[in-house]
Structure formats: C-alpha cells, structure tokens
Amino acid sequence: MKVHHPTTLDEALAAVEAGAVPLAGGTDLMVEVNFGHIRPDHVVGLRRIGELSSWEDRRIGAMVTWRTVETKGPKAYAEAARTVGSPQIRNAGTIGGNLGTASPAGDGHPFLAAVDAGVELVSRRGRRVLAWSDFFTGVKRTARQPEELITAVVLPERLPMRHAFGKVGVRNAMVIATVCAVVTRDEDGATTAAFGSVAPTPIRAPRAEEMISAEPKPTESALAEFQRLVSEEVQPITDHRSTEAYRRHAAGVLARRLLERCLR
Amino acid sequence: MTLLVTRRSGVTDGVGESPLRPDGIPKLKGEFTYAQDLTAEGMLWGATTRSPHPHARILSVDISPALAIGGVHAVLTSADVPGRPTFGLEHPDQPVLASDVVRFWGEPVAVVAAEDEDTARRAAAAVQVEYETLTPLTDPEEADRIDSVFRRMRVRRGDPKISGPVVVEGFYEVGMQDQAPLGTEAGLAVPDGHGGVDLYATSQFVHVDQEQIVASLGLRSDQVRSHPSGIGGAFGAREDVNLHIHLCLLALHTGQPVKMVYHRSESFTGHVHRHPARMWYRHHADREGRLLRVEARIILDGGAYASTTAAVLANACYFAVGPYRCDSVSVDGAGTRTNNPPCGAMRGFGAVQSCFAYETQMDRLAAALGMNPLDLRRRNALHTGDPMPTTGQLIETPLPTVEVIDSLAAIPLPDPSDDDPLPGGSGLTTEPRHVVRGVGYAVGIKNLGFSEGFDDYAQARVRMTPRGLVVETAAVEVGQGLVTVLAQIARSAFGVSTAEVRNVDTSRIDSAGSTSASRQTQVSGGATHAAATRLRDRILEHFDADDLDDEGVRSGDRIIATWDEVTATVWEETVTFRHPPTSPPDPDGQGVVHADFAVAAHRAVVDVDPELGLVRVVRVDTAQDVGKALNPESVRGQIEGGIVQGVGLAVMEELILDEGVIRNPNFTDYLLPTILDAPEVEALLVEQDGSWGPFGAKGVGEPPTISSTAAIAAAIRAATGKPINRVPVRPQDIAL
Amino acid sequence: MIITFELNGAPASARVMAPVSLLDVLRDQLGLPGSKNVCEQGECGSCSVILDDEVVCSCLVMAGDIEGSTVVTVEGLGEGLNPVQEALHRAGAVQCGFCTPGIVVTATDLFTKRPRPDDDEIKEALAGNICRCTGYGAIVRALRGLAEVER
Ligand SMILES: Cc1cc2nc3c(=O)[nH]c(=O)nc-3n(C[C@H](O)[C@H](O)[C@H](O)COP(=O)(O)OP(=O)(O)OC[C@H]3O[C@@H](n4cnc5c(N)ncnc54)[C@H](O)[C@@H]3O)c2cc1C
Ligand code: FES
Ligand code: FES
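Residue numbers (this note's numbering), protein chains in the order written: chain A, 1 to 264; chain B, 265 to 1000; chain C, 1001 to 1151.
The shape of chain A in the complex, shown without the other chains:
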C-alpha cells in the first residue's frame, strides 16, 4: 500500500502517470473500497495541492468542496451543493470527485450542463478543457485519460441572468436524486434545461429549450408545453429507486417550476 501526499500538481501528475488512483474527499472512492468493489494499493491524495483548491473567478479548482460551493457558488450551483449528502459529506466531497465518479445522479452535473461549463484536464503532456458534453461518455464513464487529473471546472464568461436548481428525492435530506435539474433563463429569453438521474449522463432537453426560448413571456400553455416536452425528452429507466413514468413526470414538473422561478 502506497499513498502519496504531494503538495504540487506536478508531483501528483507523476504519481497518476505511474498508476496511482486519485483520491479527493473519498466520499465515493471509499464506499467502493468498503464494499469490496475496488482495492487500490497505489493512491495519490490530492488534499494538499493548494492550486486544486483555489477558486479564481470562473475557474473552480477540482478540490473545492461542496461546503465551499454551498457558501460561495453561483445560485443554482450553491443550491445543488446544499443537497449533496449531509454536512459531513459536503465537508469532504469535492466537485472534482463528483466529476471523477460521473454518476448519472451527480447533483453537480446539471448546473455544468445548463451553463455549458467545461472540465479542465491536465496530464504531464498538457492541459485541455472539454465541453461538459464531451466529458461525460456513459454511466460512470468519462473522457478522462488514466494519466490525467481533473483540475478545474471552467464556467462560461457570463452566466445566464437567472438560474435555479431542484432535486426530487424521497427523503428531506441525504438522498440520491430521483431527478435533479437546473433551468437557466437569460434576459433575451434564452433558456436551458439540464437534468440528472434521467439518462446515463447528464442531459439537456433541446426541443423544450428551443420552444420556450422563443417565448418572451411564456403563457400558461407555453409552460405546459415546456413541461410536456421535457417529460418526452428525458430518457429515464425504472429501477429500485423509482419508475420511468414517475421520473418523466417529475422531470417535467420540476423543469416547469424552476423556469417559473427564473421568470419571477
């Protein structure tokens, strides 16, 4: 068993290249270990690398915790952060770890998808920023190469004027999303709607977005149509947490309510 404790990104990248598994807050990784699914014997802890925890303007370091996003993130991102697990989980869990896991239910993802954020990846060979849609490739699968580290989330130069997050779950706290969503609305009416837990990756609802973006002052019937299109566009499954029918329904209702919140 070898655990590196680097203080610089370069040292960490060297360890990753040598096969060490990156460890951020451990809130996903250690569950896998405790349940016997993985047993890494070469690990690199990222906690001590200052530049990964920094937050400069629209570049949010991968080691920023949900606790920090909750207190200083953009509104919808902060709202999402507040629903991640419990205080203990938010104190440890990071945005980079959330992306590293790439769970379909990751609560951080809809915001990134809704604002068209990028994910910064760095290896010893270089740095690249992938659009969120290129980063997520499947259930718990990403375009990250084994020798790369996720170093930051890169927000667009300007965020839409209004944005709101919501998450449907059976419990009032500490719950995996049955559906989670972010809707954004800009001054010119441009609307985006992004969802978690309704497809293998976070997704947008382009038809619903297009339809509602064209409505400067959405009427009751336009809102209903937006809701209907969202329900149609999402691709949920039935599992032990919920049913396809409910997830479709809830995604539509949630999207409509979030849009209403943005319009107010």
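Treat the hints as calculated values from the structure; they're not laboratory data. Hints may contain errors.
[Unchecked claim] Here are the computed distance ranges between Cβ atoms for each label pair:
1. P200(A) to E1054(C): 43 to 49 angstroms
2. L1000(B) to P216(A): 29 to 35 angstroms
3. E260(A) to E1054(C): 33 to 39 angstroms
[As the list claims (entries may be wrong)] With a straight-line cut-off of 30 angstroms between C-alpha atoms, the simulated DSSO-like cross-links for lysine-lysine are:
4. K75(A) to K1113(C)
5. K140(A) to K75(A)
6. K2(A) to K72(A)
7. K75(A) to K217(A)
8. K217(A) to K1113(C)
9. K140(A) to K2(A)
The C-beta atom is built at its ideal place from N, Cα and C for all residues, glycine as well.
Here the structure of chain A is known, so what remains is to put chains B and C with the ligands in place on it, guided by the hints.
Below, chains B and C with the ligands alone, put in the same frame as chain A:
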C-alpha cells in the same frame, strides 16, 4: 386524566420520576462496550459465505481454496454441525448452514475463522459452492394457493350471515420494513477450555439463544453460557439466532476466541424483517355507524423459514378488527413460505399491518356514512369488560380506547405556519402554493406479553448490599431503558434510593424472556417488584422493624440496624414472575389468548406536494394508554422513536425485492428518517389503574408504531384524495 | 506504510497496509472504539470525527491520506461531560447510544463554531446523523436548550 404513580416518600429516583440513565455517561463518552467492541487475547475473526441465489440446490462445496489462504484457521460447513442441524425460535426449520438446498438470498452456507477480518472475508468469498439454480417461489398469493404456508389462521365469531346496509371493501398492502438497528449483528465466542463456550453477542433473548446453541452444538446445557451484551438497538431483529451458533462452532473448532461483526448489507440478510402483507377487507355497518360484521383475509409472507411467522400472523388476525366492538367477525390468515428473506419480529408484531387496513376501512366507512372519523371510532370503541371482537376474550384490564381518542382530540391542532418546512426539503422542489395539508387519524391496539398459552415468565434477583440494591437479571437492555426502570421499581418497592441493575449470564439466573412484545417492564419489572417487596418484608420481619429507609431499618424514629449491619449476612430474593395465564385458541380462534392489551391513538398532519407526490410529515400527536408511566421521560422517548419508525414505514422504508433478491440492502437506498424528516410530536400519557404490571404499568414500546403509520397514510389520503392503499406511500402513488 | 498524525491532541501513528478507513484504524489499531461502524458509506454519521477542523465520516477517510492531519474523536472531547454531552444526558437523548458518539462529535463541532444555533441550524447540522431509537425529539430539546442557555 393523568394520575401520577404513587411515589414512596423518602425514595429518590423511584417510579414516576425520570432519573438519568446509568449507562448514559459511558455512551456519551464513547466508552460503553457494545458487542461490536469486544476483543479477546488471540482472537480470530469470523465471516460467512452466503448464497447468491434465492433458491438453488447445492451440488458441491469446495472449501480448499479458502483453507489455502494464509491465516485461515477453519472453514466449516453443515457437515461440521455436531448436533441438531437446524434452529428456529418456534420451530427449528432453518439450517445452521445450508447443506442440500438454499432457500433465500444470503442464506449461510459456510463460515470461516481467520486471523483478521479482511482475511476472513476473503476466505469466505473463496469457498467454492456449485449451485443448480431452482425457480424461486416469491409470490405470497401463489404460495397461499399451493398451500406453502407456515400457519393458517381461522377466526370465526358470531353469525356469519349478518350483512349491513353500509358496506366498504378494500385491498391493502404493506411493504417489507427492516428494523435497521444501528448496531449490526456482532458477537464474540470464547471457548472455556473444557469443551464449553461463552458467547457475548447481540440478542434480545439470551436464554432462547442458549437453548438453540446447545442443541446444535450437541453439548450439555451447562457448557454454553450466553451473556447479555451491549446492544445498538433491536426492534425485533435480535430475537432469532443468526451468528450465534456459527461463532460457537468456530470457537470450539479452533479453540480460540472468535469475533464476527456483520456489515450493513449482510445485516439486511442476516436478520428477519417485518412481514409484508396483503389484506382484503369488508366492513358492514348500520346507518348509525355501528360495526355489524368484519371480514378479512390476510396474507403475511414469512419468507423461507418459520421464525415467528405463526405468532405474527396470529397477531395480525387477532387484531384484525382493531379496538372496536363487533359481534360478527371472520378472518382468514395465511403465513406463507416462499423464497423471500425470512420475516419475523418487528416492533408491533403483526398488529401494524392489520391496523393500516382496518383504519383505512374505518375512514372509508366514515366517508360512506358522512360521519366524522373520530365519532365513528368512538361509537365503536372497545371498552373494559367487552369481548374482543375476534377471540371473544373478555377484556379484564383497563382499556381506555375512548379516553385515548378524546385526549388526542383535545390536543390543539396548530395552524399552518410560514415556518413549516416544505415537502422536498433541501431539494427546493416545492413552494407553499404547491402544498396541500391533510390531517388523518388512526387508533391501534396490541397485546402485551406473549400469548396463546406460551409460558411467559421472567426471573429477577434482588440483593441488598452495603452500597444499595442490586437487581440481577438476564433481561436484555437494547436501549429502551430497562436498566433505568428496573432500578426505579426496585427502589420504590423496597424503599431505598440506591439500586443498580446487573446483567448476568444464562448460567446464573433463569430466563427473563425476550426483550420484545413490550413486555420487560411488566414481566421483568413484575419479578423485580415482587423480589424487592419480599426482601423488604423479610428484612422488616427479621429485625422486627416497622420501616426502612436509606439509613437502615427503623422502629419508629429509631434506626435499629444500619445497612452495614443488616448486610453482614446475605439478603437476597429471587422471584419468577408470570403474567395471567393464556391458552391456545380453539379451531375458531376463540379463547383467552392474551394477557393484556394497550391502545393508542395518533393524529398526523402532513403537507403534500400532490403534483410531485412529495410528503412532509409535519406533526404526529398521540395519546397512549400506558397503565402507569414509571419513567415519563423514557416513555416519551419510546413514543417519539416509535412514531418516527412509523413515519419510515409510511413514506420511505421498504426493502425492495426482485425475485427474492434484496435490491437495496444498504443505507443509501434503504432510507431511514433523518432529523429533518422527524415530525413534531406531542404525546399525552393516559394513565389508569388496574393492569397487572408493577405499579399498574403497561408496556409502551410498540403502540407508537402501530397506528402512526396508518394515521400518516390517512392524512395523505385526506390531502390528495388518492386511495393510498399501500404503505410506504411512494411519490408515484400520489403524483401519477 | 506508517502514517503519523495528531490524534486527540497527541502525536499518533498507524501502520497502514491496505486502503482501510480511518474508522477501522481508530477502532482496530488505536484502541478507540468510540466511533461506531454502522453503514460504512457515509449515510449515518455514527463514525463522525473532526478532521482538520471539519466534521467528516471517518468511514470515508482513507487512513493512508491523513498524514500530518489533526483528528479529534469522541474520546478526545475532554474529561467529564462537555456541555453538549451534559445536555443530551439530561434530556434523555440517549437510548441504545450507538448513534450517540457521532451526534456528540457533530453537535460539539456545531456549538464550537456557532454557540447559539437556532432549530433549523441544529437540524441542518445533524441531518447526516441517523438515530433509530429516539425519533430525535430529545436530541433537539437538548440542543435547543443548550442554545438558549448560551443566549
Ligand atoms: C452518504 C453520501 C451521500 C452522497 N450524496 C450525494 C448527493 O446527494 N449528490 C451527489 O452528487 N453525490 C453524492 N454523494 C457522492 C459524493 O459525495 C460526491 O460525488 C462527491 O462530490 C465526490 O467527491 P470526493 O471528493 O469525495 O471524491 P472521491 O471519492 O475522492 O473520488 C471520486 C472518484 O473520482 C476520482 N477523482 C477524484 N478527484 C479526481 C481528480 N481531481 N481527477 C481525476 N479523478 C479524480 C477518484 O479516483 C474516484 O474515482 C454522496 C456520497 C455519500 C457517501
Ligand atoms: S459508519 Fe460512517 S457514516 Fe455510517
Ligand atoms: S440512541 Fe439508538 S440509534 Fe440513537
């Protein structure tokens, strides 16, 4: 209404007060020793190989790959069980280790002991078992049809031809709830070097564990000692044997102490669950709302092995009508045998399931009659002196059904406030305009103590020492506060202020029975009360004294002997207490089958977001028949804890099965209520004289879970107009 | 590998041969069984410890990664009962007690950082600590009472 327990003057921390728990400080400091925390010199770790199939034939078991792992000391299979190959609480039908067939997902097939936990688990995984999978029987209705049952119940009372002008019918379902005590199954077995063994393990009933261990180990009774141990909650999950025999086998086989602790996912397969239920009901009433006839058919799925299914089913059927008068009743019940996980005791023990059905029926009847639901219940309320609607047994102890309903109705109902948390919680799904409030009521009844002729007794020993009274018992403290209340009973019955409860093992005292059925305060409390009273009388007589207090025995104002002088000789009293006898039912389910009853009423207030199907339980108020509250603070703790378990069953807790396989055996997906899900609770304790428990106490542990679920379901129904004929209520049941 | 860190105010070290959790090391190696193992997946808070001034679930902390860190467990909260423990004790907030060490650690951290929390803050802080016995009523009463005293 509230008559406080008469306190004995001069005694502090006696009955009627709420002294602090004696184990509180060590628990708060992390110093209390639970079964999980035990260690011994040279200790090995045990682990279990479990079936990945709900039903399969075992073709072969190859233990050599496990034995080949360094540090492994033993790998045992069914061939290594020297005595009775099976165990079971009521009927020994469950293999200690499966030999030819596995009948549920997670059934133990082999156990290993190794030098550390990790090695033990790897060795358990290395045992090669070849299976031929068989089709699992997982539908309880199918099991009923093909007569795969542990017990059928038939209750017939009164004229079956009666029917009423007002009839309501319904079908109801209850999902599989888990006790989910925070402490998982754990234990340490220590060989005594002479062929015997001492076991320190999680348990609710050490004597019945000991009997089963003795039988399967093929030892003499005196060779196995089962010790009460530190327990992290129970709620029924610890009545059955799970790792107990395995640990003793491994310890005797290796000659070394062996410890085992189940992981959470293993715990979900390692103990029994609350029976899922399917229930068909028809109520007949006259136009004034009097119940004329109740017909019910109840299927509880017992899963693969018997456990306590027979008794749980009986309870569901005996309480199928609820605390209501009715002179024409027919109930048919089946406790089915399937390849689902075994079910057994959980807080409420069958009464929870039927309560959900009969209380929904009562609401529907009230609606059909245009009556207020509480008036309908008052009109039919069962009183002391009435026959039980099902068994015909005359109710001889106080049964304040009307009083609990009236007390509950008198608790003010706060208006909605802007501060009320919204459904959806931190998910920010819901605004006040999306919320509908609903209020629902339910009343429940349950027996106290064991029934149907079971010889239900408890032994306790009370000794006076220079430092005060010592109560010895094998009754298990699972968190409910028995260690506090037995000391209170001893102080008040004897007349001094210092008393301490000590748990002793099975070799040093006779059984205290199970810490279940809400019985220990009444039964072990009864034994403690009798022993303390007798000891007091003997001491007074011996010293020709007329009183005693904290200083010594007195004659008038004068101390005639201090406690140091008195305890120069041993003064102790051992008493075995039995509650009033019960008998098995006749073929129609008639007879004096119960020793005592308790009722409780609940009023739930819920805020529902009907469009998303999200529920926030705002408050659950209750009035409960407690006989006499010996420790009001701990009664309140039982009530609040029981209600939150009722909230769990109402809106979130369910083991999801897929062809016999549990899909959510973990705390990520088996959701327990958090502090943000817990409702406000106001509890009124309704006290009455006349129960046979010490100082008139009744058991209080189970009633809070019985009708709270039904009340919450009723409130959701009131808010949404949806039928809500199944708990837990899922978002899709409301929204779609 | 050997890791060294500060545990309950004193230097400590542990030998870590596998990707085990801090919880396992505390319980099995360092003789501190106060932190409880209940779910091993961060869902119950019974294993809560204060790591570098933040409450976390020790079941999700990889022991090999705490080199140089500061850890406070329930055993490290000092002699006697602290005000949080005292309040919980008096309110009858302990039943089986299995959740209690985690609740004590979490609530102690809350009161250290925010001596007069309101009800919402109390509940929010304890949202990750499951108690199966008490229904939380006595826990809330205890901490509410303590916050009032602090006011
Ligand atoms: C009880 C509980 C509740 C939870 N609730 C939620 C919830 O409500 N919503 C939600 O979205 N999530 C939830 N999670 C999941 C988890 O907390 C989050 O996904 C969190 O953001 C993970 O971050 P971490 O720092 O702990 O990641 P880790 O566990 O440290 O890492 C996760 C994965 O990412 C990899 N990784 C980490 N950092 C990097 C990096 N910089 N570069 C490359 N790879 C990296 C790791 O190797 C690992 O595979 C919950 C988890 C628990 C235990
Ligand atoms: S054991 Fe760590 S949170 Fe449950
Ligand atoms: S007191 Fe038992 S879990 Fe909290």
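Legend entry - Satisfaction of hint between K1113(C) and K75(A), Cα-Cα up to 30 angstroms: holds (24 angstroms)
Inset, instruction - Below or equal to 30 angstroms on CA atoms is what counts here, so check K2(A) against K72(A). - result: Violated: K2(A) and K72(A) sit about 35 angstroms apart, past 30 angstroms.
Inset, instruction - Sort out whether K2(A) lies within 30 angstroms of K140(A), counting only the CA atoms. - result: At roughly 25 angstroms apart (the allowed maximum being 30 angstroms), K2(A) and K140(A) satisfy the hint.
Inset, instruction - Sort out whether K217(A) lies within 30 angstroms of K75(A), counting only the CA atoms. - result: Holds, at roughly 23 angstroms.
Inset, instruction - Quickly compare the C-alpha distance for K140(A) and K75(A) to 30 angstroms and report which way the hint goes. - result: holds (26 angstroms)
Legend entry - Supplied distance hint 43 to 49 angstroms, evaluated on CB atoms of P200(A) and E1054(C): violated (33 angstroms)
Legend entry - Cβ separation of E260(A) and E1054(C), checked against the hinted range 33 to 39 angstroms: Check passed, 36 angstroms falls within 33 to 39 angstroms.
Inset, instruction - Just tell me: holds or violated, for the beta carbon distance of L1000(B) and P216(A) against 29 to 35 angstroms? - result: Cβ of L1000(B) to Cβ of P216(A): about 33 angstroms, so the range 29 to 35 angstroms holds.
Legend entry - Distance restraint between K217(A) and K1113(C), which requires alpha-carbon spacing of 30 angstroms or less: violated (46 angstroms)
Of the hints listed earlier, those the structure fails to meet are numbers 1, 6, 8, in rising order.
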